[in-house]
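Novice: In case you want the letters, here they are:
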Amino acid sequence: DAGITQSPRHKVTETGTPVTLRCHQTENHRYMYWYRQDPEHGLRLIHYSYGVKDTDKGEVSDGYSVSRSKTEDFLLTLESATSSQTSVYFCAISKGLAGQETQYFGPGTRLLVL
Amino acid sequence: AQTVTQSQPEMSVQEAETVTLSCTYDTSESDYYLFWYKQPPSRQMILVIRQEAYKQQNATENRFSVNFQKAAKSFSLKISDSQLGDAAMYFCAYRRNNNNDMRFGAGTRLTVKP
Chain A
1 DAGITQSPRH
11 KVTETGTPVT
21 LRCHQTENHR
31 YMYWYRQDPE
41 HGLRLIHYSY
51 GVKDTDKGEV
61 SDGYSVSRSK
71 TEDFLLTLES
81 ATSSQTSVYF
91 CAISKGLAGQ
101 ETQYFGPGTR
111 LLVL
Chain B
1 AQTVTQSQPE
11 MSVQEAETVT
21 LSCTYDTSES
31 DYYLFWYKQP
41 PSRQMILVIR
51 QEAYKQQNAT
61 ENRFSVNFQK
71 AAKSFSLKIS
81 DSQLGDAAMY
91 FCAYRRNNNN
101 DMRFGAGTRL
111 TVKP
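For the record, the sequence lines run as chains A and B. For the first sequence, counting from 1, position 42 maps to 42 in the working numbering; every step adds exactly one. For the second sequence, counting from 1, position 108 maps to 108 in the working numbering; every step adds exactly one.
One thing to keep in mind: the hints can contain errors.
Unchecked claim - Computed Cβ-Cβ distance ranges for the label pairs, DEER-style:
| hint | chain 1 | residue 1 | chain 2 | residue 2 | range |
| --- | --- | --- | --- | --- | --- |
| 1 | B | Thr3 | A | Ser80 | 28 to 34 Å |
| 2 | B | Thr111 | A | Asp62 | 31 to 37 Å |
| 3 | A | Thr5 | B | Asn62 | 27 to 33 Å |
| 4 | B | Thr60 | A | Glu40 | 30 to 36 Å |
As the list claims (entries may be wrong) - Straight-line alpha carbon distances no greater than 30 Å define the calculated DSBU-like cross-link-like pairs of lysine-lysine that follow:
| hint | chain 1 | residue 1 | chain 2 | residue 2 |
| --- | --- | --- | --- | --- |
| 5 | B | Lys113 | B | Lys78 |
| 6 | B | Lys73 | A | Lys57 |
| 7 | B | Lys73 | A | Lys95 |
| 8 | A | Lys70 | A | Lys53 |
| 9 | A | Lys95 | B | Lys55 |
| 10 | A | Lys53 | A | Lys95 |
| 11 | B | Lys113 | A | Lys95 |
| 12 | B | Lys78 | A | Lys57 |
| 13 | A | Lys95 | A | Lys70 |
| 14 | B | Lys55 | B | Lys78 |
| 15 | A | Lys57 | A | Lys95 |
| 16 | B | Lys73 | B | Lys55 |
| 17 | A | Lys57 | A | Lys70 |
| 18 | A | Lys11 | A | Lys70 |
| 19 | A | Lys57 | A | Lys11 |
No wet-lab data here; the hints were simulated from the structure. These numbers come from a predicted model, not from an experiment. The beta-carbon is built from N, C-alpha and C at its ideal position, and this holds for glycine as well.
Given the sequences, and given the hints that come with them, work out the whole structure.
Specialist: Quick look at the structure:
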């Protein structure tokens, strides 16, 4: 258990609506990540953060934005949700020595875009 | 770009027997890390084992061990004395040293038969 919670755990929304997913950690880790999981692709990195207000894009960042105003919270926003964004979203943190970190994951959020 | 391939979408094993899950990866780097994660029906991603590329010795964690073949870019997971609780999706993952972009394979679904 890496002290990671995600909210909501399940969400159903309609195409074109904005959606924000929250990741909260209690252990003051510097690095946080957002992944999406799809059957044919495994997990793919959307965005990550290396500190407050410091973020960078991952492999599949189009259509997503992130914000980190506090160390403990990392928000993922879908500005205008599309059906292709139906997925399971995982937040993760890194633990370990610099350059040798291992990632630990939150419980996931299942998002359905109708 | 680094890619990770898991060629076995599904595997099954008899309880108490041994099973090996395959993973290959493509990289031009020499310094990297490899991971196996387990995802049970709860969807939680759980770290099973980790291997540093600079280490020749294969990592082991209780009933879980890896066969790391760096030249062949192969990283298989062996589960000994399989238990019903081992039934899950297993994901192989690669991360270059000092890089935050972790790449996952598509996963292998392991069934354990009583």
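Novice: All the hints need checking, so say for each whether the structure fits it.
Specialist: Going down the list of hints, with the structure as the test:
1. The beta-carbon spacing between Thr3/B and Ser80/A, approximately 30 Å, falls within the hinted interval of 28 to 34 Å.
2. For Thr111/B and Asp62/A, the Cβ-Cβ distance of about 36 Å falls inside the hinted range of 31 to 37 Å, so the restraint holds.
3. Taking 27 to 33 Å as the suggested C-beta distance range, the pair Thr5/A and Asn62/B conforms, at roughly 28 Å.
4. Under the hint 30 to 36 Å, the C-beta atoms of Thr60/B and Glu40/A, about 31 Å apart, fit the expected range.
5. Using a Cα cut-off of 30 Å, the hinted pair Lys113/B and Lys78/B holds, with the two alpha carbons roughly 17 Å apart.
6. Proposed proximity of Lys73/B and Lys57/A is supported: the alpha carbons are some 27 Å apart, at most 30 Å.
7. Among the hinted pairs, Lys73/B with Lys95/A is consistent with the structure: their alpha-carbon atoms are about 25 Å apart, no more than 30 Å.
8. Using a Cα cut-off of 30 Å, the hinted pair Lys70/A and Lys53/A holds, with the two alpha carbons roughly 8 Å apart.
9. The suggested pairing of Lys95/A with Lys55/B holds, with an alpha-carbon distance near 20 Å, which does not exceed 30 Å.
10. Between Lys53/A and Lys95/A the alpha-carbon distance is near 20 Å, which keeps this suggested pair within the 30 Å criterion.
11. Between Lys113/B and Lys95/A the CA atoms are separated by roughly 35 Å; this puts the pair beyond 30 Å, and the hint is violated.
12. The hinted pair formed by Lys78/B and Lys57/A fails the criterion: a straight-line CA distance of about 34 Å is larger than 30 Å.
13. The hinted pair formed by Lys95/A and Lys70/A meets the criterion: a straight-line CA distance of about 18 Å does not exceed 30 Å.
14. With a C-alpha separation of about 18 Å, the suggested pairing of Lys55/B with Lys78/B holds against the 30 Å cut-off.
15. Proximity of Lys57/A to Lys95/A is assessed by CA-CA distance (about 20 Å); at most 30 Å being required, the pair is judged to hold.
16. Distance restraint check for Lys73/B and Lys55/B: the Cα-Cα separation of roughly 14 Å lies within the 30 Å cut-off, and the hinted pair is therefore satisfied.
17. At most 30 Å may separate the alpha-carbon atoms for a hinted pair to count; Lys57/A and Lys70/A meet this at roughly 19 Å.
18. Taking the CA atoms of Lys11/A and Lys70/A, the gap is near 24 Å; set against the 30 Å cutoff, the hint holds.
19. Under the criterion of a C-alpha separation no larger than 30 Å, the hint pairing Lys57/A with Lys11/A is consistent with the structure, at around 24 Å.
The structure shown violates the earlier hints numbered 11, 12.
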